[in-house]
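Our numbering applies: residue 705 is where the sequence shown begins, and numbers increase by one.
Fair warning: there could be bad hints in the mix.
Subject to a maximum C-alpha distance of 30 Å in a straight line, what follows is the list of computed BS3-like cross-link-like pairs (lysine-lysine) [unchecked claim]:
hint: 1; residue 1: Lys781; residue 2: Lys742
hint: 2; residue 1: Lys809; residue 2: Lys735
hint: 3; residue 1: Lys754; residue 2: Lys786
hint: 4; residue 1: Lys809; residue 2: Lys752
hint: 5; residue 1: Lys809; residue 2: Lys793
hint: 6; residue 1: Lys793; residue 2: Lys735
hint: 7; residue 1: Lys781; residue 2: Lys793
hint: 8; residue 1: Lys784; residue 2: Lys735
hint: 9; residue 1: Lys754; residue 2: Lys742
hint: 10; residue 1: Lys754; residue 2: Lys781
hint: 11; residue 1: Lys754; residue 2: Lys809
hint: 12; residue 1: Lys809; residue 2: Lys784
hint: 13; residue 1: Lys786; residue 2: Lys809
hint: 14; residue 1: Lys784; residue 2: Lys752
hint: 15; residue 1: Lys784; residue 2: Lys742
hint: 16; residue 1: Lys754; residue 2: Lys784
hint: 17; residue 1: Lys735; residue 2: Lys786
hint: 18; residue 1: Lys742; residue 2: Lys752
Computed spacing ranges between beta-carbons, pair by pair [to be verified]:
hint: 19; residue 1: Arg833; residue 2: Val732; range: 42 to 52 Å
hint: 20; residue 1: Val714; residue 2: His770; range: 34 to 44 Å
hint: 21; residue 1: Ala828; residue 2: Ala748; range: 23 to 33 Å
hint: 22; residue 1: Thr811; residue 2: His770; range: 17 to 27 Å
hint: 23; residue 1: His770; residue 2: Glu708; range: 29 to 39 Å
hint: 24; residue 1: Trp829; residue 2: Glu709; range: 19 to 29 Å
I should point out that these hints are in silico values taken from the structure, not numbers from a laboratory.
For every residue, glycine included, the Cβ atom is placed at its ideal position computed from N, Cα and C.
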Amino acid sequence: RLWEEALPGVTRAIRWARDPVDAARSLVAEKRAGGALKNLAANAGFEKNKGAAPADWSAWQNEASHGTFAWDAGAAKAVKVKNGCLLQKHPVQPGEAYAVEAASKRTGGSVCTVRVRWQTPGGAWTQWRRDETVVFTGEPGQWQRAFGVATAPEGAGQLVLLLCVN
């Protein structure tokens with residue numbers, strides 16, 4: 705008998721153990737093609753705004769940074785932000801894995817990353833060493849993609865998605 709017949713799901717488990725990002729990328733593509741992919745981010749495509757900023761997102765920047773976050777035709781913008789991010793929180797269960805995907809188009813000397821941090825169910829920061837940073841790849845001046853996997857650690861109740869710019 706084939707391994708998959710004897711142990712249903714073993715092929716997928718081995719793939720996750722060997723390369724979780726590749727396994728997640730395949731699973732996301734499969735679910736997207738079947739119309740079963742669920743995007744947890746509210747206003748993920750930045751279609752809605754709240755004044756000059758994207759709706760459903762909050763912003764933070766270092767005190768030394770005097771830039772602005774804005775919204776422009778389906779995209780969030782960070783203008784002259786030296787160290788800041790757009791944030792959004794999502795409830796999670798410890799042990800669950802989450803695919804993280806984003807797109808960015810940079811101008812100037814900025815560096816963009818996606819960071820995942822964790823908070824307890826009560827909102828206190830936790831498990832700092834379990835932060836995940838996902839980098840963008842692609843040609844400069846073009847839309848770049850970032851894709852990664854974050855697994856909620858013990859004690860986490862919220863995944864905090866940070867779209868960072870420096």
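Check the structure against each numbered hint from earlier and tell me which ones fail, lowest number first. The structure conflicts with hints 8, 15, 17, 19, 20, 23 and 24, although it agrees with all the remaining ones.
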